[in-house]
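*Asks:* What follows is the residue order along each chain.
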Amino acid sequence: MRRFVSILLKEYRHILREPRTLWMVFLSPAFVLVALSTIFVSGSSRIDLALWDQDHTPLSRQFAGALSSDADFSVGHVSDYEAIEDLLVDRRIDAALIIPPGFADTVQRGDTAPVQVILDGVDTFVAGQATGSLLGHAAHFGLALSRQLSLPPVPLQIHPRSAYLSDATERDSMIPGLIPIVFSLPVIAAALALARERETGSLEALVATPVRGLEFLGGKLVAYVTAALGGLLPVWLVTTVLFGVPLRGNPVLFILLAADFLLASVGMALFIGNLVRSQQTATVIALFVFFVPGFFLAGLTDPIDTTNLASTTFSYILPTTHFVTVCRALFLKGATLAEVWQPALALLGLSITWLGLGALTFGKRVR
Amino acid sequence: MIDSLHRIWGLVVKELLQLGRDKLLLGFVLLGPLLELLLMGGLAGGGVENLPLAVVDLDRSRVSRELITRLDQTDELLIKVYGDNVAQAQGWMQDGSISVIVVVPPGYGEALTAPQQSAKVQVIADGSNYVVSTVAIATTENVAAEIVQDLTARHAVASGGPVELRFVARFNALLDDRPHAITAMLGLIVYQVTLIIASQSFTRERELGTLEQLRVTPLGRLELMAGKAIPTLLVGLVDCLLMLGVIAVWFDIPVRGSLLLLLLLTIPFVLAQIGWGTLISLVSHTQQQALLFVFALAMLEVALSGFMVPAGDMPGVMRVLSAVSSVQHYLVILRGVMLRGAGLRSLWLPGMALGGIAAAVGTLAWLRLRLGLDTNSLSRQLQALWRIHQRERRERQANRRARGADVRREKKPRQTRKPAYADVRVESGE
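From first to last, the protein sequence lines stand for chains A and B.
Quick note: the first sequence uses our numbering, first residue 1, plus one each step.
Quick note: the second sequence uses our numbering, first residue 1, plus one each step.
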């Protein structure tokens with residue numbers, strides 16, 4: 001126990017003696033969260049639209065005018081296909097809308113007039129948004145026209161509502177999801193702390209002392225988990241005070257699950273730190289495991305798709321995936337333990353597994 | 001000049017040898033990107049599919065079943081459970097087992113077919129994931145539009161609204177999510193590998209004590225920087241080419257534009273990362289600090305890259321900042337060349353921006369290197385300047401006093417003072 005405490009104190013001293021490291025471990029998660037979150041505007045984004053009116057009638061101008069006055073669109077006018085193609089290649093528009101000649105005649109006959117929409121298919125999310133907005137707009141215009149021309153109303157209307165978000169802002173949904181990702185910083189620091197001992201040779205000196213492998217590993221683990229938990233407070237303040245996303249769930253549950261997540265992540269980091277000889281290698285592996293997958297595989301934007309076995313397995317091995325679910329449930333849904341027991345159990349299982357693996361591999365190397 | 005090239009070559013060989021010696025590192029640097037791309041491309045390729053849907057059908061008619069079947073047939077939605085009432089379904093949403101609730105009200109079938117009425121269907125989407133809720137709502141709206149169109153065709157009157165939109169998607173006719181996601185991954189992986197290798201360059205030497213040996217070699221500052229930069233540039237380009245091959249063969253996304261142009265524009269992108277990495281490695285005491293700097297920087301770059309929010313949609317300050325994010329410009333170039341088949345005529349602006357960023361960051365790194373290889377050299381230099389300033393002030397004061405003493409010669413002679421600069425030690429810069 002005394003040996004464990006002395007290792008713990010040594011690690012704290014390592015973190016505390018360098019202002020840069022201290023800043024990075026305690027405050028950088030909050031700082032990065034602010035930077036990541038301010039890019040989201042509250043409210044939906046505008047769609048850049050090029051409009052080519054081939055009809056030139058009062059009705060087609062009315063349709064175009066209704067689009068221009070809609071806050072969802074920023075409309076520019078063009079008059080040939082080459083211009084549309086150039087604008088699409090240059091990424092200056094998200095979609096182009098072509099009103100064909102004879103539009104007004106067809107509508108006034110009571111028939112359905114086709115309107116061509118050319119989407120930029122590269123960003124499918126933006127393309128989907130554009131499709132939805134334009135469809136909604138066309139339906140709305142149709143409704144207004146049908147009242148004017150006494151046609152029957154549109155037979156089927158969808159009343160959409162986003163649960164848990166009063167005004168469906170992207171930012172409110174992203175901020176809790178980003179919390180696990182910003183905590184990769186102190187976690188990776190732990191991997192390097194271990195690799196450094198091996199690279200600089202101070203590990204050999206430690207082996208000669210009566211400190212046992214588990215005490216050494218435990219000291220490092222506890223030091224980095226508690227340091228990162230300290231960093232949770234500024235992150236919490238940023239989320240609730242600065243961005244106004246309240247924690248609807250139980251704060252104690254949140255802290256407990258955060259500690260569980262950090263145990264699993266630091267355990268994973270220590271396991272990585274065990275396998276490698278140099279800090280450079282540890283860095284590269286840690287980035288491969290924590291950085292890009294955090295954004296793509298943890299279900300931050302696209303939910304986990306269970307059709308690809310290899311990728312799904314990797315997603316569920318990452319503690320980040322489960323904590324993203326937990327953070328969103330606790331902050332936005334006000335979930336209780338009974339509702340998040342699955343990710344909570346997964347985190348517990350992962351922390352035991354990674355810590356166990358870390359202890360096993362470490363024991364072999366030192367003894 | 002030849003000598004200089006020779007010295008740079010020596011350093012390049014040493015760096016490559018060092019890289020080759022650590023087999024695990026080499027494997028991760030060269031094969032890691034491919035592995036990660038395959039793993040993530042397989043997952044993120046699917047896009048948003050099979051969102052679990054709960055249906056609350058209060059109408060229970062043939063028409064309402066048709067709506068439900070159509071919803072189930074979409075790629076995006078998959079019926080998981082039927083509920084009796086909304087409260088029950090909301091309970092399932094609370095514990096995350098479903099993402100979307102569709103409520104068909106009683107009397108839906110009659111309202112749909114009655115000429116003067118509208119049927120109203122409520123859709124509740126899980127807003128805790130914005131992407132999920134947006135996609136779910138858009139999907140149900142599309143299904144509703146289809147149903148209306150069918151009705152219109154059946155009654156042969158334009159009751160589906162007078163305007164019908166016909167959509168065509170350019171560059172990606174099937175609106176596949178994968179090309180967009182995979183290009184982002186390619187950019188981010190090249191970014192992380194090059195930044196990491198560059199950021200460890202000086203820090204590693206410092207921590208292992210070999211930096212002092214480098215200092216006594218005849219390598220100049222620019223030679224030192226070039227020798228450290230070239231291996232990283234090589235690694236970046238090789239990684240980029242390997243991944244482009246995998247993307248073309250495995251994911252079947254060929255490069256539509258000029259591969260040469262893409263590689264040429266990759267060079268300033270990698271150089272910008274080398275600049276940032278060198279700068280970080282010059283100000284970090286330990287590799288751990290360097291990594292944390294890298295991570296903070298990388299998070300910022302990802303935020304500004306337009307991967308999560310298109311750069312044009314960001315609030316004012318961040319939009320301005322995103323102009324200096326090299327990842328953002330590189331993703332524009334990648335998608336332009338690979339997916340849109342764009343040429344230099346469309347891409348000169350991001351290309352110039354990348355060149356500008358690389359030049360600016362490289363200059364900063366060079367200026368920092370001029371100050372010296374010590375992490376504290378900036379503060380040392382400032383301290384030295386301050387001491388010189390102090391010494392000059394004291395000398396001036398001493399001169400003034402001496403002149404005063406000249407005038408008042410009659411008074412008793414002053415005791416001799418020590419020279420003012422005797423206690424000033426000028427630090428030797430680096």
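One or more hints might be untrue.
[To be verified] Straight-line Cα separation of at most 20 Å, SDA-like style, residue types lysine to any residue; simulated pairs:
1) Lys120/B with Phe141/A
2) Lys120/B with Val131/B
3) Lys120/B with Lys10/A
4) Lys10/A with Lys80/B
5) Lys23/B with Arg196/A
6) Lys10/A with Lys14/B
7) Lys120/B with Gly136/A
8) Lys14/B with Gly136/A
9) Lys80/B with His140/A
Hints are computed from structural coordinates only; laboratory data are not their basis.
Since the model is a prediction, treat every value here as computed from it, not as a measurement.
*Asks:* Given the proposed pairing of Lys23/B with Arg196/A, does the C-alpha separation stay at or below 20 Å?
*Replies:* 18 Å, holds
*Asks:* Can the restraint linking Lys120/B and Lys10/A be considered satisfied, given a maximum Cα separation of 20 Å?
*Replies:* Measuring from Cα to Cα gives roughly 66 Å; hence the hint is violated.
*Asks:* Need the status of pair Lys120/B, Gly136/A: alpha-carbon distance at most 20 Å?
*Replies:* 15 Å, holds
*Asks:* Please verify whether Lys14/B and Gly136/A have alpha carbons no more than 20 Å apart.
*Replies:* This hinted pair is violated, its Cα atoms lying about 63 Å apart.
*Asks:* Take a quick look at whether Lys120/B and Val131/B sit within 20 Å of each other, Cα to Cα.
*Replies:* 24 Å, violated
*Asks:* Check the hint pairing Lys10/A with Lys80/B against an upper bound of 20 Å on the C-alpha distance.
*Replies:* 53 Å, violated
*Asks:* Are the Cα positions of Lys10/A and Lys14/B separated by 20 Å at most?
*Replies:* 35 Å, violated
*Asks:* Holds or violated: Lys80/B and His140/A, Cα atoms, limit 20 Å.
*Replies:* 32 Å, violated
*Asks:* Quickly compare the C-alpha distance for Lys120/B and Phe141/A to 20 Å and report which way the hint goes.
*Replies:* 18 Å, holds
The structure does not agree with the numbered hints 2, 3, 4, 6, 8 and 9 stated previously, though it agrees with the rest.
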